[in-house]
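Asks: Sequences listed follow chains A, B and C, in order.
For what it's worth, my numbering labels the leading residue of the first sequence as 1, then goes sequentially.
For what it's worth, my numbering labels the leading residue of the second sequence as 1, then goes sequentially.
For what it's worth, my numbering labels the leading residue of the third sequence as 1, then goes sequentially.
Note that these hints are calculated values from the structure, not bench results.
Each hint should be verified, as a subset may be incorrect.
Derived lysine to any residue pairs resembling SDA-like cross-links, with alpha carbons at most 25 Å apart [claimed, not checked]:
hint	chain 1	residue 1	chain 2	residue 2
1	C	LYS33	B	LYS18
2	B	LYS249	A	ALA143
3	B	LYS452	C	ASN168
4	A	LYS194	B	GLU80
5	B	LYS377	C	ALA103
6	A	LYS12	B	ALA81
7	B	LYS18	C	ARG197
8	B	LYS390	A	ILE15
9	A	LYS12	B	GLU70
10	A	LYS6	B	ILE73
11	B	LYS28	C	LEU98
12	A	LYS6	B	GLU80
13	B	LYS377	C	ASN168
14	C	LYS65	B	ARG412
15	B	LYS390	C	VAL57
16	B	LYS377	C	PRO17
17	B	LYS390	C	ARG146
18	B	LYS249	A	THR152
19	B	LYS164	A	ILE212
20	B	LYS28	C	ARG197
21	B	LYS390	C	ARG197
22	A	LYS6	B	LYS28
23	A	LYS12	B	LYS28
24	B	LYS390	C	GLU170
25	B	LYS390	A	SER184
26	B	LYS377	C	GLU170
27	C	LYS199	B	ARG456
28	B	LYS249	A	GLY57
29	A	LYS221	B	LYS28
30	B	LYS452	C	ASP193
31	B	LYS377	C	ARG146
32	B	LYS249	A	GLU209
33	B	LYS28	C	ARG62
34	C	LYS199	B	LEU175
35	B	LYS377	A	SER18
36	B	LYS28	A	GLU209
37	A	LYS194	B	GLY458
38	B	LYS377	C	ARG197
39	B	LYS164	A	GLY57
Each chain is listed here by its residues.
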Amino acid sequence: MSAFHKIIATVKSAIERSPRTAPPAHPASPGVIVPVTHDARRAELISQFARELEAVGGAFLGIFSPDEVRARTVALARDIGAHTAAIGAGVTLDTAAVARALEQAGIAVIRPGASGDAERASYRERLAGCDLGIVEANAGIAATGTLAVIGTSASPNSLTLLPPANLIIVNADRMRADLAAAVSAIGAETFTTKRVALITGPSRTADIEKMIVLGVHGPRKLYALAIWPNEV
Amino acid sequence: MAAAKPDPIPDFLETSRKGVADADLRRKLENSTGRHLEHVAHMRAEFPGYDGERDVARRIKEDAIGRLDELLIELKQKLEANGCTVFVAADAAEARDYIIKIARKASARHVVKGKSMTTEEIDLNPALQAAGMEVVETDLGEYIVQLRRERPSHIITPAIHLSKEDIGQLFADQLGIAYTAEPEALTAAARERLRSIFLGADLGVTGVNFAIAETGTLVLIENEGNGRLTSTLPETFIAVMGIEKVIPKLADLSHFLEILARTGTGQKLTTYTNFISGPRREGELDGPRAMHVVILDNGRSAMLADPVMREALYCLRCGACLNVCPVYRRIGGHAYNSPYPGPIGSIVSPNLFGSAAAKLPFASTLCGACRDICPVKIDIPRILLHLRWKETQAQPPTKWPADARRTRAGVRRFARMARHPRTLRLLSRIGGWMLRPFARDRYLRRMPGPFKNWTRWGRDFPAPGARRRKPRGEG
Amino acid sequence: MPEVRLFATCLVEEFYPSVIESAALVLERLKLKVRPLRSAFCCAQAPFNEGLRDEAVDLARRFLKSCEPGTPVVIPSGSCTSMVKIFYSDLLADDPALAKKAAAMRPWLFEFSQFLVNVLKVKYVGARFDRTAVYHPACHLTRELRVVDEPRLLLGAVQNLRMVDFRNPEECCGFGGAFSVKLPHISAAMVEDKIVRIKESGATAVIANDCGCLMQIGGALHRQGLQVETFHLAEVLAAR
Chain A
1 MSAFHKIIAT VKSAIERSPR TAPPAHPASP GVIVPVTHDA RRAELISQFA
51 RELEAVGGAF LGIFSPDEVR ARTVALARDI GAHTAAIGAG VTLDTAAVAR
101 ALEQAGIAVI RPGASGDAER ASYRERLAGC DLGIVEANAG IAATGTLAVI
151 GTSASPNSLT LLPPANLIIV NADRMRADLA AAVSAIGAET FTTKRVALIT
201 GPSRTADIEK MIVLGVHGPR KLYALAIWPN EV
Chain B
1 MAAAKPDPIP DFLETSRKGV ADADLRRKLE NSTGRHLEHV AHMRAEFPGY
51 DGERDVARRI KEDAIGRLDE LLIELKQKLE ANGCTVFVAA DAAEARDYII
101 KIARKASARH VVKGKSMTTE EIDLNPALQA AGMEVVETDL GEYIVQLRRE
151 RPSHIITPAI HLSKEDIGQL FADQLGIAYT AEPEALTAAA RERLRSIFLG
201 ADLGVTGVNF AIAETGTLVL IENEGNGRLT STLPETFIAV MGIEKVIPKL
251 ADLSHFLEIL ARTGTGQKLT TYTNFISGPR REGELDGPRA MHVVILDNGR
301 SAMLADPVMR EALYCLRCGA CLNVCPVYRR IGGHAYNSPY PGPIGSIVSP
351 NLFGSAAAKL PFASTLCGAC RDICPVKIDI PRILLHLRWK ETQAQPPTKW
401 PADARRTRAG VRRFARMARH PRTLRLLSRI GGWMLRPFAR DRYLRRMPGP
451 FKNWTRWGRD FPAPGARRRK PRGEG
Chain C
1 MPEVRLFATC LVEEFYPSVI ESAALVLERL KLKVRPLRSA FCCAQAPFNE
51 GLRDEAVDLA RRFLKSCEPG TPVVIPSGSC TSMVKIFYSD LLADDPALAK
101 KAAAMRPWLF EFSQFLVNVL KVKYVGARFD RTAVYHPACH LTRELRVVDE
151 PRLLLGAVQN LRMVDFRNPE ECCGFGGAFS VKLPHISAAM VEDKIVRIKE
201 SGATAVIAND CGCLMQIGGA LHRQGLQVET FHLAEVLAAR
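Next up, chain A with everything else stripped away, as it sits in the complex (with noise of 0.2 Å):
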């Protein structure tokens, strides 16, 4: 018998030794009240998700069709005076118009590229000198104001984690109601496969007499926008 049967065997012997407890039944996360239409619920929810983002210190830039999201990301990059960005695969915009309009402004653009050690070294090292991480989160969370964000090779964690500031773009079709939403959209399958961060907030502590600092060690300042789709 392994060591990790021995193990399973003491535990099981343990649980038998004691009552076992009934199987659970799980009240149903408490249903949402859907307005009217559906832009309504859209627009309520992204409200609601810049007024949490907002208290957990995080700056929300507002709502943008696809085309202003180009501009909007280049006036936030030029009023931070950011001199380089790097920047992943989007979810469903194209980051690549927003790069090259970076680079017509005169911002440096760092992309992801190959995945050899040399290559991911100095992709490394790029990322911890710029000044702004930008991606798209796959959802977003109304109720606590958190960014859903998936590590892909085309939009890699470290964007999310080195850069001293962060723009993510969401969404407005992927604002969810709460935490049990947004991890059901996004699916068993994702999570076994990929690396997901619920973001709420800029990084923070309060380890010193319990007072909020932020940005110890993730990026201090956060900025979020969402993105209202063009109809079809």
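Assemble chains B and C onto chain A, guided by the hints.
Replies: Leaving out everything else, chains B and C in the frame of chain A:
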């Protein structure tokens, strides 16, 4: 520092006496824990579903712990399918040896750690250092206590025993920065130091908050981002978890997250909730090349076998019971001589560390504040009573000082006499007559025998039977 | 006239005889026949909390023998009431006959303020008490029995009594039975901080329904030479 053998654990009575005597410490604890309790009260007030979610979360834990064997097998299979290497350790030594073996195989020199009480439990840092590795704690609070060569004194706020001035002095001495007591500046200094350490680290070690059996996913909850960095940058990543961390399904998780941050830190959700299922995949630019999961028993299955103890395994390690505990708030975390201080520590430590922690269940008035704040409603007072009873049976008996032994003998004598109320009434009347001449307005300044400690420690003793006349309405 | 039993509890018998007299008086004024329960002396909490189960079972047996379902037993202590009403089920788990009796008694056991407000539906008992006071909610009363509002309602109806707030009233005073002498330094530190907060409030009286708290808080107030007195709720309600 060669620290293979830990020092003998000091006695709780001695360390707790040091705690209460430190007026400065008590002030710091009151401020910080008070601030936390205000946040929690606010969160609870604005989330009406809070109490219902606590019940749901508790039922999920009851179910999970009730079929832990099945879930552990499922978790191991799924983690392996996701590319992780899983090791199940029966005790602390096995876990340490495995981690050192992996570290050596990876030729690791620089280890970064995310906050993990489980690695404190197995004394991992001294073992890694003895194996020639540099170990840096990266959670700000942990980093601070590591610089002071101390243990964390709280499971969520490791440096709760320090003021910003203490930390300012520490950073000035150890990091060579100009003295400042500004939390912003201190945090920035630590960030700068740790960032370069992160970029040069070759092994990352963190704890785990939840392990989802269904998907083989580890969930790591944190505010700073150091857990994400630790699990993302180094080439080798080791996650260490107790067997009780497993939950059945992905859909169960939201019920825990709804209450954990609210109680633990007074937030709706912690800043980062990281889902980690495996190492870097083909084509990815970050994440570890190899990921190991160490699943630790170390006394937990024995807790599971005890029907009263069992619910201690539901603990989410939110730390709220420490903040609300009137004993913890007076003595601080170091007094407990265990990585798990406070009420939860008093019930868990005797199971993990045996006789060295046998006195802890007595460090409580059974006031119940811990049970009321617990997000999964663990009946801590009930377990404390259970452990007290077990302590009375312990062989060899716990080493108590003479006055504590006298107390127990006194209670036993009283209980035996109380079976005969008439005799006891007569005796206490005689005792009362004898003591009354020494009383000053119905109080005695010094008492003998089992009550000696009462009057020695700041309290006069009511003279038996002296309060006969009921008070009148006028002041 | 309906009958109630009144169980003094050991601390009251030993140190606060006026509490039982006061409680009896309040109940008699409400036209109840009060019969003391004197064949038991202690609820068993002292040995139970020290881990001495066998000794505790003996005392529980004695207590249960001295009362019968059908007649309410009123106890002027939150923690003794919790012991007989709640903790007996754990203590007596291995003795089915006793456990059965304990379960049968459970609905007939009442803490004093609980009985007045919830059973008799009384708030005003004709008391007059001319003081400025804080109410200290005892731990077991609050968190085991969940008796939170009852004492406050009763105190709110007392003439001339001015109730004032103090910080963090629910935090334990540090008594804890044997804890107070076994870990006296922690116990003393707890009451020391409680007294700082009582002093801030400007109260001249502390009211509680548990004599353990009164011993602890009263003993520390007296040691510090403060002119703040301690009273049991029953004493306040009996005063005129």
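Asks: Each hint should be assessed against the structure and marked as holding or not.
Replies: Verification of the supplied hints:
no.	hint	in the structure
1	C:LYS33 <-> B:LYS18	53 Å, violated
2	B:LYS249 <-> A:ALA143	22 Å, holds
3	B:LYS452 <-> C:ASN168	30 Å, violated
4	A:LYS194 <-> B:GLU80	15 Å, holds
5	B:LYS377 <-> C:ALA103	24 Å, holds
6	A:LYS12 <-> B:ALA81	24 Å, holds
7	B:LYS18 <-> C:ARG197	23 Å, holds
8	B:LYS390 <-> A:ILE15	20 Å, holds
9	A:LYS12 <-> B:GLU70	9 Å, holds
10	A:LYS6 <-> B:ILE73	12 Å, holds
11	B:LYS28 <-> C:LEU98	48 Å, violated
12	A:LYS6 <-> B:GLU80	19 Å, holds
13	B:LYS377 <-> C:ASN168	22 Å, holds
14	C:LYS65 <-> B:ARG412	21 Å, holds
15	B:LYS390 <-> C:VAL57	16 Å, holds
16	B:LYS377 <-> C:PRO17	38 Å, violated
17	B:LYS390 <-> C:ARG146	29 Å, violated
18	B:LYS249 <-> A:THR152	24 Å, holds
19	B:LYS164 <-> A:ILE212	12 Å, holds
20	B:LYS28 <-> C:ARG197	17 Å, holds
21	B:LYS390 <-> C:ARG197	37 Å, violated
22	A:LYS6 <-> B:LYS28	46 Å, violated
23	A:LYS12 <-> B:LYS28	45 Å, violated
24	B:LYS390 <-> C:GLU170	30 Å, violated
25	B:LYS390 <-> A:SER184	45 Å, violated
26	B:LYS377 <-> C:GLU170	18 Å, holds
27	C:LYS199 <-> B:ARG456	22 Å, holds
28	B:LYS249 <-> A:GLY57	32 Å, violated
29	A:LYS221 <-> B:LYS28	30 Å, violated
30	B:LYS452 <-> C:ASP193	22 Å, holds
31	B:LYS377 <-> C:ARG146	15 Å, holds
32	B:LYS249 <-> A:GLU209	36 Å, violated
33	B:LYS28 <-> C:ARG62	47 Å, violated
34	C:LYS199 <-> B:LEU175	44 Å, violated
35	B:LYS377 <-> A:SER18	20 Å, holds
36	B:LYS28 <-> A:GLU209	8 Å, holds
37	A:LYS194 <-> B:GLY458	61 Å, violated
38	B:LYS377 <-> C:ARG197	29 Å, violated
39	B:LYS164 <-> A:GLY57	22 Å, holds
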